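S.K.: Listed below are the residues making up each chain.
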Amino acid sequence: MFKKKTVAMIISVIMLVSLALAGCSSSSSTEEKSADGKKVIKFMHLWPEGSSNAQFSIVKDIIGEYEKEHKDIKIETEILNPDQYREKLKVLASSNELPDIGMTWSDGFIKPYVDGGMLAPLDDVVNKNPDLKDAFIPGVKESYAVDGKTYGLPLELNISYVFYNKEIFKKYNLEVPKTFEEYKKVVKTLADNGVVPATVGAKDGWPASFWFMYLADRIGGPTILTDVIHGKAKMDDPAIVKAAQEVQNLVDMGGFVKGASALSNDDAKGYFMNEKAAMFLTATWELPNYTTSPDVKQEFKDKIGYFKFPTYEGGKGTDINSYVGGPGVGLFVAKDSKVQKEAKDFVGYLVKRWGEKSVTDAGVIPATKVDTSKLKLAPMYIDILKDLSEASNVTTYFDTQSSPAVSELHHDLVTALFGKQITPKDFVKQQADALAKEQK
Amino acid sequence: MKNVMSNKFVITLYVLPALILILLLIYIPIVLTGYYGLMDWNGIGKMKFIGLDNYIELVKDKLFWQSTWHSLLLGLFSTVSLVGYLILSLILASKIKGANFLRKIYLIPMLLSSVAIGQLWAKIFDPTNGMINRLLIIFGVDNPPVWLADSKIALYALFFPIVWQYAGFYIIIFYAALKNVPEELIEAAKIDGATSIQIAYKIKLPLIAGVIKVMVILAIVGSLKYFDLIFVLTGGGPNHASEVMASYMYSEAFSKYNFGYGSAIGFGLLIICLVMTWLIQKLLSSKEVEF
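Taken in order, these protein sequences are the chains called D and Z. Anchor point for the first sequence: position 321 equals 321 in our numbering, and the numbering is continuous, going up by one each time. Add 1000 to a position in the second sequence, counting from 1, and you land on the number used in our numbering.
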């Protein structure tokens, strides 16, 4: 008697569970129209009002304008901070519930989504729209392309420079270094006087990788890291070993802040912002802190200058106008979106308006060309936008170009390289092995 | 009422909601995790069945065993620290002045979120401006260690905030257990001339042995699946020097997009936890004392 009941109970539990699960899967993607008959486009982005106020406001204004022009469309936003955004996007993707429009990073990040058949190609948006056709800085849009089709439209472009504190340089009679030998001399003078020469958040991996990537660029030539990714060069190329060696030479000289491998990028940035470190190799997303941000004292902003990463004597990368950088976030449209046509139209609109507003309102360098003559900008922006137009090459960050697995390994190993836990030979060998395994 | 409770159908009905929740949130995901472990899956595209490959790789994976070792070390350290908490609780429960106030102080770290604690200790451990190294420099240490950046000490340095974080929890439970020891027994022992150390060792401790056992299990299992502060403070680095099982699982599944392998690690973690719990219960199984 009792057994029968137990069986009945188990069966009823199973039925209830399956009912509940079925409920989960069907409830989510049915609503297309809001109560007032407007079509709803779901848009997920990563600029919360609190931490990225300027970007948040621009997007909000653009949505407002668009809704005014298109009375039948309603754009619903969901906003998360970047780290949460990454996680949530993955979870949504695994249950096939991506928002109609969302943000993505380029190369290695976007590829699994494209391979999984989640994203719609956006070439038609660009080709149909005369405003967009020639608007992008060459090479940037291509970072979001897989097999010749573009799946994301870039909003940002960042290149990296060495930012430095002019006051500290003046105090020790230092000149901006043009070559790596000169740079080492600068480091030595600063270190001898007890000043932290450069700050770097090696715990996060990627900020430390900037140093490695630039040295590889200067020693092995501007295409070497891209060639490694595409299997045209080997990671254990002597030039790359030398670059890793030079990183460790700098560490030995006391060229970086102490205990860098436990500092996050934000921790490291603190040293530079508090004038406890003379130099900070970072990308142009930091520019507002040195120019327009109301949260930073003008006194500090006046002290900050920048220089291009020095060239290396005898290296193949002789052009100082070759940069390490890359696109930041771009926009995608989900393949399964029920409002794909409308979503694509809005994406085109957003990219165009973003390009017009982002430099002046948020201090972000957009991926579209900017006409500086019409804008009132801080001098540092004008210089950098000019540099950008003269750039001979922009090598996309190695960790952005590689697959997530290699990228993660690269971060771990760069941290270890800065902490001197591995030799330069080991550093390249482990990555060469991982790359070889993938390229097979 | 009696009638209602003897009706098996009604009992089933009452138990059902909790049962469904537990099944949905705990048991089904466990089974699914084991199942995903059989797949080659990046979390986004299609899954590919690869049999036991992930589990075979797991057994051969040096990093996995290294992180398991780190988790076990943390478990050992937490267990040893229980002795300290026990002594503190004995002192607090022996009616000293300000015991209430002290108890609250010990509890405060438990009220903070792990991320806040992580930020706090990141500042304390900072090699140049941190509290510890500033103190060391004042006392004349020329080259103080760089703590979390040194692969040889990072793991051990992390143990301290972790143990500190849970101090209040253990102390409050030990304290409550000690307060439950009948006053008559202690008075009788006093009349017989027992010293307070004898009372503690011969009367109080045997009476709370059951609680101690549970706390040891909680400490070890909690350590084996520990994640928060390690993720915030070092992220398992530098170069995996402070990697524990949970942080390794996270980096495989969420950073390397290796969901299949990450699931296999998760399943391995579950099995190790089960084995350890069983072992501890075997080791500690003794009859409970009653007076």
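Everything labelled a hint here was simulated from the structure, so no lab data went into it. As the structure is a prediction and not an experimental result, all values here were calculated from the model. Mixed in with the good hints, there may be bad ones.
[Said to hold, decoys possible] If the Cβ cut is set under 10 Å, some of the chain D residues that face chain Z in the computed set are:
#: 1; residue: K90
#: 2; residue: E97
#: 3; residue: G116
#: 4; residue: P238
#: 5; residue: L263
#: 6; residue: D267
#: 7; residue: D345
#: 8; residue: G348
#: 9; residue: Y349
#: 10; residue: T400
#: 11; residue: D412
C-beta: ideal position from N, C-alpha, C; glycine also.
S.K.: Which of the numbered hints above does this structure break?
M.R.: When the structure is compared with the hints, numbers 2, 4, 7, 8, 9, 10 turn out to be violated.
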